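Asks: Spelled out, the chains give:
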Amino acid sequence: MKKLFRTAAVAAAAALALAGCGSGTASDPSNVSPTGEVKPREISWLLSRPADGAVINIMKKLADDYAKDHPGFSLNLITTPDRPSYIQKLETLAAANKLPELFDTDATPFAQQLAKQGKMVDAEKLLKSLDVYDDYRPSALDYQRFDDGSLNMIPFQFELEFIWYNKALLQKAGVSVPKSLDDIPAMCTALRDAGITPIAIDGQDQWPLERYVAYQPFREGGPDFIQKLKKGEAKFSDPAGEKTVQWLASLGKAKCFQDGFSSQGYSDAQNQFTSGQAAMYNIGTWELPSLATDKLNSATRNDIDFFTLPTTAGSVTAANEFVSPSGIGMAVNSKTYDPLVSDFLKFALTKYPSEYAATGALSPTTNVETAIPANATPLYKKALEHANDLGNKQAMPWDTQLDPTTNGRLQQELVLLVQGNITPEQFTSTMDNAIAQNAPKFFK
Amino acid sequence: MLPNRSRLSVLVFLLPPLLLYGVAVLFPIMQSLFLSFFSWNGISDMEFVGLTNYVRMLTADDVFWRSFFNALGYLAICLVLQLGGALLVASLLTSMRRGRELIKTLYLLPAVISTVAIAFLFVRIYSIEPVGLLNQLLHWIGLGALERPWLSDINSVLTAVSAPEGWRFTGLYMLIIYAALLSVPQELEEAARLDGASRWQLFTKIRFPHIMPVWITTTIMATTYGLRGFDIPYLMTNGGPGQSSELLTTYMYKTAFTAQTSATQAPSPCSSSSSAWSP
Amino acid sequence: MTAPAAPVTRPRATPDPSESREPLRRRRKPSLHGTLSRVIIALIVIVQVYPLAWLFITSLRTEDDFATGDPFALPKAVTFDNYARAFETGNLGMNILNSFIVTMGANLLIVLLGMMAAYALQVLGFRYSKFVRSLFLIGIIVPVQIALVPLFIDYSSINLLDTYPSMIIPLAGFALPMSIYLFSSFFEYIPRETYEAASLDGAGPYRIFGLITLPLSVNTVVTVVLVNSIFIWNDFIFANTFVLSEELKTIPLGLQNYIGAMGKTDWTATFAAVCVTITPLLLVFLVLNKAMIQGLESGASKG
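Protein chains in written order, with our numbering: chain A, 8 to 451; chain B, -1 to 277; chain C, 753 to 1055.
Be aware that a few hints might be false.
If you only want the chain C side, here are some residues facing chain A, beta carbon under 7 Å, derived [unchecked claim]: (1) R837; (2) F839; (3) T841; (4) I905; (5) S908; (6) S997; (7) G1015.
Simulated from the structure, these hints should not be mistaken for laboratory data. Keep in mind it's a predicted model, so treat the numbers as computed, not measured. Here a beta-carbon is modelled for each residue, glycine too, at the ideal position from N, C-alpha and C.
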């Protein structure tokens, strides 16, 4: 029996070592125009987008069109809409060296490692060779870039995040739209005094609260703060960090978020806002179909408006610079990149923007006009217009920036901080420790 | 031992199960163990680090210990609800004459409902803003002081996530215990009753000792599944707030894909599953 | 594992599952106790049935009512739109079929292999049986999460990823110890003499297994199948890890199709889908109710 075990252990080691290190022969990621014949076959796209969403539906249709001229081609869409499950799959597939032709990822530290190993095609060169690079909104591409400016993912969306609010409720509490981020805690107190929930937030998915931690440093120190923080070059105990920690604690003290927010889901939070129970709600333009059309509860429809992320005194970023993500991007596997993939991408990427804009969404390119749906309220147009008036900097969501372990810890500690279960000092020391421990492994 | 058995027959019966078990359970566990001596994030080069991961887990990983003790708490609550509840209902059932079949069936219902739905329902039940069923009930019976956001309060969250898991499988164990209670010899009970034994004495002196073996089996079953508890806490709170409802299982699931976090989770390729939804 | 529970009743040579014992408890006094237990039972039944009722009612709510109304009140209007959306977005029929295949496949392995191992350990016996038992004990203690990543990598290197076996194998593997335990404790109480008599008649271990052990175990089989089916039907973790393509998604994965952008979930459609997907299990439950419960009872009390 013992012998059997020893054999098995050796085999175990061998199997994993093979899977892990036999990284295959990655082809040159900068060779974006492979030569040769286009041989139709099935290609796969591992993606994390809503199963019935616009991106998937359009790409399905485009793939079908492409297959008409290229019999034998098909696009196999493998979607895992649940993001945590998706990340798990992507990373395990990468470990097993089985990534498909196309796969979705944010510009995370993990993706950056993949890119460094030459596993993703250089998207900047690719887009240029397809002659579509200049069509893209610079900020849509910037969102996909790694710290060093390299671009390996192609965006399919473009969104702007606003703080939506209910005019009637603000009036009832006698408060006006905040001029500065620092006005928000006092505003919450006034709203609470009037018996109104100040901000509805989806605490269950964690990214919404993580947005708030990014705001103050973005105003105070610009986009650089998180770039440094994640590598351990900046700390929460620095002025910009301290400011955000104190601000979050004061948001908590003023009871800005609904009681028990940490376990409330996306739809619950949104329903609280749309049914007129909560005064504010921080969400992006992907919700325009439910917030700026006649689908919106008629009782609150005329009371709803939005403002962009407030600035602060001495803010280094401008009012027209805020969170404007272009969604999870699509990477092209350099190992399986061939004339077919190239040809299909050329076909799909040139046709995609007009199809996408027709659905009422913002295209990541500027060469098409978004169609405003017939049932839209005036807010729809107002929201879209902000896309044409953006500054050069954008606030990056921290969950795409931090290493995964630190990120997980941050999400947990944030809830405790806002709920008042830990002090700002405890938060700062826990997080600075976590970064010191985990960051070096990802950013050496 | 069977007289006519041969070495071959033992192998014929033993090898297939051992093979499946080896392939599905033992082998991957050994691979995990092997990997726990390395620093590897799935795509990086593997670097031998010896016991470093274990040392860190046992000495420097506060979340590991937290989730370890949470898991014990979770197990305890599940066991009390499942076994205690099962015993209570089974005892009550034996004293009923009609409708026992129906009740037994109804009692199993929660076990078949998808966890996703159960988790969602309980999030609503525990909610305070808007006010959920539990807080409403407390208000009605005059215990308004106890109202709280059950899943956000770090003191109540572990109980709150354990209760649904405990509750939903009670029916399963109830059936087993009920069957055992039925097998208690009537003569014994009658005799004790004639001797003037109270209900409680009847239970502690006659019934419970009699069902003891089944009780042990049931306890082992409930413990096994209790230790595996994962999806309800994962879906309801994702271990939060903070680490208040983090179990070993949810923690491992998250760190399974986080580079080199802990040795329990030796396999550790890659990054965290708790990374959120960026648009 | 090493100390199997003693049985409550010794199994008769031919157990008769229909013979369920009526409790002879005569009501001495139509007492407070009786009333009280009835009230408690009624309360408990409400608690057990309520979620299912709630689920069904919610699946009939309009989106608006769901968003703004009291989640615990009766709906203002009834709609079947949610069901229409559930079928349109999802692939419910296929999800149910897949769950069915996986549950069946895993159960087959769990029962057959569990019985074989228990037979070897308990009835045949051999020198290292203690060691083998403790090996199986590992599977009870160790959390399944540990095996996920290695299994994923192993599967992908032998092209087993994204297949039915990739789900069935670990589901069966991790359920095997419990199954072995239940069968062992049952086998322990099949009287020695039964085997000895058969042996004297010249029956070998294979014939004894087929002619004595197997038929006697029917009730334990029912127990094992029922318990495992409940857990496997709702399994999320293995399916979520090893399945990629739409065609192989089981029910818990299929429910993810109602997740929209950024985690926004179409809950009313999800609940409609849940109502649809639990129907097969419920039907099996109701149709086989009596047989299963009796099997469970007699199986359990002996195992």
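Asks: Mind listing which of the numbered hints don't hold for this structure, in increasing order?
Replies: Failing hints, ascending: 1, 2.
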